[in-house]
Amino acid sequence: MTDFAAKLAHPKAVLAGSSPLVDHSEGMSYLQTLPKRLVSLYLPLGLIVLILLFPFYWMALTAIKPDEQLLDMESVNPFWTTAPTLKHMQKLLFETHYPQWLWNTMFVAISATVISIVASVLAAYAIVRIRYRGAQWVGAAIFLAYLVPPSILFIPLATVVFQYGLFDTPYALILTYPTILIPFSTWLLMGYFKTIPFELEECALIDGASRWQILVKIILPLAVPGLISAFIFCFTLCWNEFIYALTFLSSVENKTVPVAIVNEFVDGDVYRWGSLMAGALVGSLPLVVLYAFFVEYYVSAMTGAVKE
Amino acid sequence: MTTATLEQARIKQPLREITAWERLKVDRHWLGFWFMLPAAGFLILFLAYPLGLGVWMSFTDARIGRNGIFIGLENYQWLSDDSIFWLSVFNTVLYTAVASIFKFAVGLYLAILLNEHMPFKAIIRAVVLIPFIVPTVLSALAFWWIFDAQFSIISWSLRHLGLIEHNINFLGDPNWARSCVIFANIWRGIPFVAITLLAGLQTVQPSLYEAATIDGATRWQMFRYITYPLLTPIIAVVMTFSVLFTFTDFQLIWAMTRGGPVNATHLMATLSYQRAILSGMLGEGAAISSAMIPFLLAAIMVSWFGLQRRKWQHGESSD
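Those sequence lines, one after another, are chains A and B.
For the first sequence, our numbering assigns the number -13 to the initial residue and increments by one for each residue that follows.
For the second sequence, our numbering assigns the number 24 to the initial residue and increments by one for each residue that follows.
Because the hints were derived from the structure by calculation, they are not lab data.
Some clues are possibly wrong.
The calculated label-pair distances, taken between Cβ atoms and stated as ranges, are [said to hold, decoys possible]:
id	chain 1	residue 1	chain 2	residue 2	range
1	B	A321	A	S237	39 to 45 Å
2	A	Y43	B	Y99	44 to 50 Å
3	B	G88	A	I214	43 to 49 Å
4	A	L24	B	V150	18 to 24 Å
5	A	G120	B	V150	40 to 46 Å
6	B	V78	A	K22	56 to 62 Å
7	B	P284	A	Q86	30 to 36 Å
8	B	Y99	A	S237	32 to 38 Å
Taking lysine-lysine and the DSBU-like style, the derived pairs with C-alpha atoms no more than 35 Å apart in a straight line are [claimed, not checked]:
id	chain 1	residue 1	chain 2	residue 2
9	A	K180	B	K144
10	A	K203	A	K180
11	A	K22	B	K144
It should be emphasised that the depicted structure is a prediction, and the values quoted were computed from it without experimental measurement.
The beta-carbon is built from N, C-alpha and C at its ideal position, and this holds for glycine as well.
Build the full structure now, drawing on both the sequences and the hints.
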């Protein structure tokens, strides 16, 4: 089980590329001349990065282009705009329910994430450190739960949500999202808790601390990076979730951003593209800003997700 | 005498106070139970129970607003004669196979490129992950716009380069539509594969490459005989995840084509949504999504045993 943990580099190193094991800066790159590197490295890399980023450029450009330039591609070069406008943004923010949808998404994402993290911290600590009878099996079961995709659960869940009287309320999402988040964050936090030396806990036990005190006063402060990783990754997953939100919500005011954009903006109007792309852009921005501040934690959450 | 017995009684007293309640609070196994309770509650109520319920519903004729009665395998029998269902199975397998192969190939290539030493390395690596961060539906909408029939920027560029005469109807033609959704899926999946494989790549000892260079190995040989074998375990895990999430994809298709044109891009997940929620045939929809389970188990098994075999070849103990 610990095999992969040893085989993956530290998240900081994944970004900066300076793990203690590998130091490519003084490696064999001197064997390659600049023209050769240009063809074998910079050219393909530039091309891939360009393709990966182009949709965002196009999204942003469409969001600020005036309507007539969107539809007339012959007189003005479509790759640029000469008259940027905030009209689409204004329409989005003041003539639709968009702020309400943003708030819904935020509320659901934060509530579901907080619930999941609390449950996961308790579960991960119990599996790793309390080691009750059958803890290993529970750990394996949680990993399997991670592999159950929402698209085979949404039909029965819809009937469950309806029976509990949660249909078309934010609580339908707040209570069902943890089924996606708990397996992931438990798995991630188990990895973090394993790295905390258990001698610390032994000392605390001798000093008369209860398990609860150990968890709150010793383990959690030491696991803050893991908690941040789990938190922002869960938040991203919630923001990204679509099928449950599409199935469990019906009234316009209750929708989350992804569902609302797909359902409410898509009409026959040829002039919809500007506000549609503005909506997509504004909906992505909170996550991109969060990402910009916590890149390392994202990477550690991603690599932690595939550790076994 | 009396003082001595009193003394004894006082000593005994705290011992008697360990009640069943105290035991519940201190006993390891009970403590584990209390700690597991919130997580287990959620997973049993909203994951395990619906999973079972879904399989049960696939044997009933449930509709929206009416509990079904048991009808045995009728839903599956009905589906086995349904050409749209088989088309969706074909689409799902094609979508998963093509997208996974490309994600793996390009992702690994990108990981190897990113592992090189170059200026602004950290920024480039961070930027590569952005498609993974942005919600799938929102980037799918951007692709919808890029692949628009009338105002597609790709059609415009190709037309001005003189390569085509008329706009390509990207999402209106069955084969073009399939290629487009597969492309969007690959685009979305590459960052995950690349960054996780990069994390694996960085643990490969550079001395191995140095030794291989001295032995006169080409770059391809270094990749084939050093990088690839050492990366196999992590590749197996990453690709299992990738296959699993591609196979059950829903949102990308729903945002771009909703299964059209003429069902050419319907995956099993989108078809089950359409049948169960939009047409109200919950039983039939549940049967379609239950039909995905064997495929998923097969995917997990293949990668799991692939992983085990590799370990065994390396002579490691399988832990």
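These are the hints, each one checked on the structure:
1. B:A321 x A:S237: 39 to 45 Å: Since the Cβ atoms of A321 of chain B and S237 of chain A sit about 40 Å apart, the hinted range of 39 to 45 Å holds.
2. A:Y43 x B:Y99: 44 to 50 Å: Given range 44 to 50 Å: holds, Cβ gap about 47 Å.
3. B:G88 x A:I214: 43 to 49 Å: Between G88 of chain B and I214 of chain A, where Cβ atoms are some 44 Å apart, the hint holds.
4. A:L24 x B:V150: 18 to 24 Å: holds, 20 Å
5. A:G120 x B:V150: 40 to 46 Å: holds, 45 Å
6. B:V78 x A:K22: 56 to 62 Å: This hint holds: roughly 57 Å between Cβ atoms.
7. B:P284 x A:Q86: 30 to 36 Å: At roughly 34 Å between Cβ atoms, Q86 of chain A and P284 of chain B fall inside 30 to 36 Å, so the hint holds.
8. B:Y99 x A:S237: 32 to 38 Å: holds, 35 Å
9. A:K180 x B:K144: holds, 31 Å
10. A:K203 x A:K180: holds, 17 Å
11. A:K22 x B:K144: holds, 19 Å
Going through the hint list in order, the structure satisfies each hint without exception.
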